[in-house]
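Same order as they appear, the protein sequences are chains E, U and D.
Quick note on my numbering: the first sequence kicks off at 17 and runs consecutively.
Quick note on my numbering: the second sequence kicks off at 17 and runs consecutively.
Quick note on my numbering: the third sequence kicks off at 17 and runs consecutively.
Keep in mind the hints are simulated off the structure, nothing from the lab.
Any given hint could turn out to be false.
To be verified - Rough simulated footprint, nothing fancy, chain U against chain E, three-plus residues with beta-carbon under 8 angstroms: (1) 26-32; (2) 94-108; (3) 126-134; (4) 154-163.
Idealized CB from N, CA, C, for every residue including glycine.
Each chain, letter by letter, is given below.
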Amino acid sequence: MSSQSAVDHAPTQDELDLLHYESRIDRPVRIKVPELHRDERLRHVIFGGQFSVDMLEDLGATADKIRALSRMRNGQDFLLHLLHHKRAMLYFTQPSTRTFLSFMAACQILGMTCNEVRDPTTSSETKGETRFDSIRMFSSYFDLIIMRSKLPSLAEACAYLMNDLADSGNRSVPIVNAGSGADEHPTQALLDIYTLQRSFQFTDPKDSPISNRYNNLRQNFPNLMKGLAGKVYGFCGDIGRGRTVRSLASLLANYQDVTLIFIAPNDPTLSLHDDLRRRLVNRGVRMVEVESLEEVVEGMPVIEQIDALYMTRIQKEHNGPSDEAHFAELDLSPCKLTRELVARMKSYAPILHPFPRDQRFGEIPTEIDDDPRAMYFRQARNGMWIRAALLASIFGVDHQISRFFHEETKNV
Amino acid sequence: MSSQSAVDHAPTQDELDLLHYESRIDRPVRIKVPELHRDERLRHVIFGGQFSVDMLEDLGATADKIRALSRMRNGQDFLLHLLHHKRAMLYFTQPSTRTFLSFMAACQILGMTCNEVRDPTTSSETKGETRFDSIRMFSSYFDLIIMRSKLPSLAEACAYLMNDLADSGNRSVPIVNAGSGADEHPTQALLDIYTLQRSFQFTDPKDSPISNRYNNLRQNFPNLMKGLAGKVYGFCGDIGRGRTVRSLASLLANYQDVTLIFIAPNDPTLSLHDDLRRRLVNRGVRMVEVESLEEVVEGMPVIEQIDALYMTRIQKEHNGPSDEAHFAELDLSPCKLTRELVARMKSYAPILHPFPRDQRFGEIPTEIDDDPRAMYFRQARNGMWIRAALLASIFGVDHQISRFFHEETKNV
Amino acid sequence: MSSQSAVDHAPTQDELDLLHYESRIDRPVRIKVPELHRDERLRHVIFGGQFSVDMLEDLGATADKIRALSRMRNGQDFLLHLLHHKRAMLYFTQPSTRTFLSFMAACQILGMTCNEVRDPTTSSETKGETRFDSIRMFSSYFDLIIMRSKLPSLAEACAYLMNDLADSGNRSVPIVNAGSGADEHPTQALLDIYTLQRSFQFTDPKDSPISNRYNNLRQNFPNLMKGLAGKVYGFCGDIGRGRTVRSLASLLANYQDVTLIFIAPNDPTLSLHDDLRRRLVNRGVRMVEVESLEEVVEGMPVIEQIDALYMTRIQKEHNGPSDEAHFAELDLSPCKLTRELVARMKSYAPILHPFPRDQRFGEIPTEIDDDPRAMYFRQARNGMWIRAALLASIFGVDHQISRFFHEETKNV
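In isolation and in its complexed conformation, chain E is listed as follows (with noise of 0.2 angstroms):
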């Protein structure tokens, strides 16, 4: 809301709603965060700065077990059941296929219903409703809002709507925020935290080409230890533009003893922005800029050093009228994966992007998909899964989860 609209007319009830949440919203994260959970337990998924390393290890440990029941038919029937009187509502009135196929995938595996509203142009708000009487009429029919908006705040201003209404006693959802604005996408950073996890397990077979592989890794690498702390990232592309960068960045700050490279061409729109910058620093994150995966940092060249890749593509649709023209100028080939490049990397890294990959930037050709460090197609599926613990712990269901797949393995 600008301030010259409130010159233009007298404020309408959605500017006023808004206006209402602004200083819940403008309170730093740490206060925030309570009001998000309840009882140790997730109540709106909001923000990336909500998860601690605990909840991410957690989560990661629900999704591997809803990964494994799924495997088996009973496990499968379990899982159906866990959940299926419950109706999920996914709001996305800003467009994503994947994200949208991903929530709705995840919430069929625990057997919830889902309803959507996609074309914001179909509900009542062109008679005169506001975002809140609608939200407040989805919480009427459904037991669950993911929602995806243009708005950076509105899915936070609809969790404290929300809080309030079960302060006064009325019925009151969980939301889970699937995409706000340029900046928040928690559940983006979970599926690619959670990839980091299976890669850095050591263990599935399903993720890797070697049995008893940790063991014959420790050889080659005697300080490789399993788990996400004390490894060295790298972060390939439209770093300054990259939401699931910053989300993932911020997270990664949260376990021990990272190491953050930076790789992206020397250009104040696509390299790394001041107000991340400062955030990592401030956090005491060890923190490299470069702008060549081969580029040499600390004797060693960033490709042959970084424990893991994470790759993303221009994003174009995000250009200004200036930036094409610009940017044809700049050599954007240090910022694209080779096979040759791959061949120099550990034999361990994984390789991760957010997807949709580009075919016309090219920044991962396709003859690097049959690598086993290829992890971009797992990665889809691994976010299906996180998203399934996501809802499964909302709902308070995690714990049943673990009991039963305990009692399972144990016939094994």
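Please arrange chains U and D on chain E, whose structure you already have, making use of the hints.
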């Protein structure tokens, strides 16, 4: 179908089909009703005139049981299994997010699978298919057709088509009218009635902040009786064009000894139209028309004597070219609710609104939302329950619900 | 992909991917079929040429059992549990309400959850994603991809992609072609075959008004045999452009001793095209081409000697610029059915139509709908059953269905 078109070209099959049903549609309601029922059970739901007081009370009782069972896990399992072998088609060529989602949720509560066609241009009608071929195609795949259309009598004609198919030994499925043309929206009227039924039970703690509420209320209102009969109902706002006002008023006229007060601006478009006035007079309903919520009728301001208030927004989307300018000259404030007016209402009198409300017009300011008399959000949720009750009745599982409910509550 | 485009620019990854599969697509059907099957079971459904007479008879028998079980409550429960752990993606970038809904219903009968992508512009392809990345993304979330596309060989290429993924140890799911380009729509041909199978059982009371019908018919038609072999099939209307005509004719050619009579206007666009004529001749099929349903062939009018009649509409949406004017000069009435013509048909001969029929052209007037030979509405419902049988076969639960069916009917 205008007579003009009949002159211009040979009639299409579509037009012939509609003509074929026209004489049946033109019969009086009391003749038509038996064709929409079968063995004392609902076969199709087409217009409000189908529902006697007994049926309204039965549906409300079923809705109450479904609602109660939905709060118990084994009640949910029972309900989800009831109609999980049935597939519904929601054929909404006239959009309505709210009604659509409410029907979806109602189907899902009983385990039905939902399918939808919302964009008429995706259908085969562009290849020359008649409407009735399309409907019959739907009836091949699905077990129920819930339809919303701009064509006033399409749902009714489809009901006759289905009856004809059954008579000739062909597959036939129930038709539910989810709004047709400017006139009929029977399930909206049902949810309004159900909200009044719940309000005038004076018992449910969810719908009232005071326990033992009825006895307390009787001290202040000695003549207060349970139920819808004998009460004073206020309808306020766009009376002339409010489809929901017309439907609800007609259903309330079935109850003994009711008084209907219509509060509308003195304007031929917005105030009570002749046809509804005549219909209500013919049925012997006591009726008053005023221009303000504060107008005094028989010695008492309207706002103080009504037992229930039905608010509506001005339906600007139906404005003619001259309406806009004309309405701007009217003082519409006597048809808006304020906190001060609510304070003068009877302490038990529910405030209803078919929603969406109009934030620009402001017929109900949000500051009233927290008042215990504000029923409009619960009303939306009531719509889901009463529609589920309707589906249960159509498929003849309402008695099963009663039996299961009594078994369950006997043990409590 | 035109060679023109190859000149204009460096090929995109999308084009390279299609090229990569082109040589495999160009192989003869008999070489390709084994790659679409696995262990005697359907792996992908891509073209009609996959189906031998044995497979067609097996699928029909499975469809009959699914249909019968759907009439019993415990049969429904059994079916709904069969694949309720499977999630289908209906990827319909070429719209078709009818086929879409039929597949939805088929999935739902077996308990599968359905998801859809219908608008290609909502997909990530606008961000530079290749078609095959999109498909592989779908395969991450779902267990089956049912696809309909304007691109002639896309479904086939996707099947090879899935095979390659499986061969390299990656996740792979079945592909079902729900219509691709102008050529293949294999499940439409299956439903046509299934409708003929049911008609030529001469037993089912739902499909025939007379009980003990076969014995009665044999008195009038002493040579009448059960089944599809040895019969005379008439195809009438837009033979040249009718994708369903081509597919069904090709499948019928698998049966012994059939005669195919093509009834079409004498026009190069509408009458039998060379490629199909040549293909049928090569397979030794007896074939006749005439211009009217009443034309005399070997001493008897066509309408009186056919055992089944397959009607089609003129596909005006495929008219070229000169077709419109040219067709207006043709007398198309000899390719329309009338009540008088139906009266001359054999008393058991089913009338099929792939639907939608064209009310403006009038190839089948509605007055014929009540004739017991009119199968076109049942044909639509048959499509649902045969598609369910196909899904059961793909997921290997067809034998389970048989066993359950025999257990259930043994007790009857």
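Against the structure, the hints:
With 3 residues carrying a beta carbon less than 8 angstroms from a beta carbon of chain U, the region 26-32 of chain E meets the three-residue requirement, and the given coverage holds. Counting residues of the region 94-108 of chain E whose CB falls under 8 angstroms from any CB of chain U gives 4; the rule of at least 3 is met. Proximity of the region 126-134 of chain E to chain U, defined as three or more residues with a beta carbon under 8 angstroms from a beta carbon of that chain, is established by the 3 residues found. With a threshold of 8 angstroms between beta carbons, the proposed coverage of the region 154-163 of chain E by chain U holds, since 4 of its residues qualify and at least three are required.
No hint from the list above goes unmet by this structure.
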